[in-house]
Amino acid sequence: MRWADWLRTVQAVEVDERLLCEPARASAAAGEIARRAARDLPFGTSPTDFVREFAGLAQAGLAEEAPRE
Amino acid sequence: MTDPGVAGLGLVEVAAKIRSRELSSIDVTRACLERLNGINPRLNCVVGLDAEAALQAADLADRTLARGQVPGPLLGVPLAHKDMFYRSGRRTGCGSRILADFVPDYTATALRRLDDAGALDIARLHMSEFALGATGHNEILGHARNPWNVEHVPGGSSSGSAAAVACGAVYGALGSDTGGSARQPAAFCGVVGLKPTFGRISRHGMMPLSSSVDSAGIIARTVEDCALLFEVVAGHDPRDPTTVDQPVPRLGAVSRTVRGLRVAVPENYFYDPVAPEVSALVGDSVSVFKSLGAEIVPVRIPSIELASPLMSIVVAVEAATIHGRFLRERREEYGAQTLARLLPGLLYPATRYVEALTLRQKVLADFREAVFSRADALHTPTMPMLPPTVAESDVGDRAGFMTYLAPFGQCTRPASFLGLPAISVPAGLTRQGLPCGFQMIGRPFDEATLFTLAHAYERETRFARLLPPVCSETRDAADRRARAAALDEPRREGIAHADTGHTHRERDQALRAARGPEGCEPRGPCR
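So the protein lines, in turn, are chains A and B.
Here the first sequence stands for residues 13 to 81, numbered as in the working numbering.
Here the second sequence stands for residues 15 to 541, numbered as in the working numbering.
Treat the hints as calculated values from the structure; they're not laboratory data.
Beta carbons are placed, not taken as given, at the ideal position from N, Cα and C, and that holds for glycine.
Mixed in with the good hints there might be a few duds.
Sample of chain A residues facing chain B (criterion: CB under 8 Å; computed from the structure) [unchecked claim]: (1) GLY43; (2) ASP61; (3) GLU65; (4) ALA70.
Pair ranges (Cβ atoms, derived) [to be verified]: (5) LEU53(A) / TYR120(B): 51 to 57 Å; (6) THR60(A) / GLY447(B): 47 to 53 Å; (7) GLY56(A) / GLN83(B): 54 to 60 Å.
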């Protein structure tokens with residue numbers, strides 16, 4: 013199924029082929045970036061791991077800041 | 015308009031003078047309204063203004079003081095905000111035709127906190143349609159202009175906020191920042207722009223664009239002003255579950271010395287490429303930090319080039335989801351570029367979206383190791399280029415428009431994607447008199463270090479006190495310029511829309527007729 017048809021049937025959005033050429037290319041390019049970068053991640057990593065990383069970094073930063081206050 | 019008068023003051027100063035009754039709120043507000051009315055024909059930075067209500071609120075603030083009541087820290091200070099913060103009973107157009115008549119029935123937490131501090135909210139300010147745009151173009155409202163040179167763009171999407179604050183027409187403004195929407199116009203207009211840590215400022219009642227990346231933003235003339243506004247609006251809000259209950263730095267934290275702080279300077283990505291004049295001015299700011307006793311640490315940051323493309327996936331998918339109903343039912347009411355930016359979000363498979371969110375952890379871990387294990391903040395340009403002209407950057411939805419726009423977010427998007435706090439600070443003017451800014455990125459919830467560094471730089475250089483030439487133009491010159499702009503307007507109105515072949519005016523008339531008298535969208539894609 014072409015993107016345009018998929019959009020029309022699944023998303024119920026009327027399609028302008030001219031507008032969709034670039035997004036289709038961008039989608040493919042972004043997929044390639046994600047695939048390359050994902051090779052560095054251990055199996056089972058999930059989006060919520062970002063929250064742990066973020067919180068850990070905040071804690072480390074605040075602990076480091078404290079003595080200077 | 016030649017004497018800056020109270021417009022030359024900063025927010026902290028004017029708040030103190032109102033508190034001490036050296037100035038009255040009503041006089042200050044009257045001066046701000048006059049200035050807004052004076053600059054708007056040239057800058058198109060105001061969407062809505064109710065002078066009578068503003069003066070009544072100012073009068074009430076003066077009477078509060080006269081009664082001897084304890085004033086809030088912003089009592090009687092005129093502010094105005096990007097037209098995407100909801101106020102109960104007031105129109106909030108979000109820079110769009112679709113929500114032009116949207117009247118929310120509740121007030122954004124950020125606005126309520128400013129109200130509680132005594133601030134006045136005197137106008138709704140211009141923005142890119144649905145906060146999608148880095149230049150300040152808006153096919154629906156007309157394009158905003160840069161106060162330093164009206165032929166150039168002010169940056170976006172908080173275009174009106176930056177332009178109005180730069181002119182001293184208000185003492186501070188809320189914006190939003192998803193990919194740089196507060197920092198980019200701040201850099202182009204020569205003011206301070208803050209994107210706080212993700213979770214710092216409540217987004218309850220702020221138009222959503224991308225739920226996992228959006229932040230409120232703050233735009234002010236000086237770092238001290240920005241820090242005071244931050245102190246008032248930041249903090250946990252039970253109405254926004256993404257806010258975090260972390261201590262908010264007080265204004266006193268701004269004045270610490272920078273001696274011994276470590277400032278990282280990137281060896282990769284952020285300067286690939288940067289306009290030579292930007293590079294020179296931003297480089298000068300590094301020298302200032304060095305002279306103030308900060309240690310400069312060169313760093314190479316792995317994976318940083320992934321942040322922007324991965325963020326594109328996340329923002330595209332989330333924005334398209336939020337706009338799903340409008341894309342299906344009111345597609346023809348979008349501006350062409352906004353529509354062309356929203357549609358790609360419908361094309362990404364769910365697995366790709368989750369992949370992008372997952373990879374955030376890797377990019378952040380690499381950033382932490384490269385930057386924060388060795389330094390307190392990362393110093394970069396805010397924008398890799400100078401503000402382009404309105405004409406040259408009016409790319410609409412022409413083939414390759416995203417390739418043209420991508421560099422606008424090159425330096426700002428990494429902090430957005432990683433949820434880190436970042437501040438843009440004026441770094442001076444180019445030979446053509448256009449502003450340039452540098453950016454500092456800090457650890458999560460460590461805005462205090464950013465304020466400290468930025469304030470030390472500002473004290474040393476005093477770029478923050480400059481007012482753009484549009485503020486000192488004579489009335490004759492302003493009239494001449496307004497006439498020239500008016501001559502330009504019919505040409506814009508006469509441009510045929512790419513999809514329909516109708517002119518914008520014809521399309522507006524047809525849409526109004528089709529929608530009938532109610533026309534408004536009671537809820538929009540908004541919380």
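Checked hints:
{"no.": "1", "hint": "GLY43", "in the structure": "6 Å, holds"}
{"no.": "2", "hint": "ASP61", "in the structure": "5 Å, holds"}
{"no.": "3", "hint": "GLU65", "in the structure": "5 Å, holds"}
{"no.": "4", "hint": "ALA70", "in the structure": "4 Å, holds"}
{"no.": "5", "hint": "LEU53(A) / TYR120(B): 51 to 57 Å", "in the structure": "41 Å, violated"}
{"no.": "6", "hint": "THR60(A) / GLY447(B): 47 to 53 Å", "in the structure": "48 Å, holds"}
{"no.": "7", "hint": "GLY56(A) / GLN83(B): 54 to 60 Å", "in the structure": "59 Å, holds"}
Hint 5 from the list above is the single one not met by this structure.
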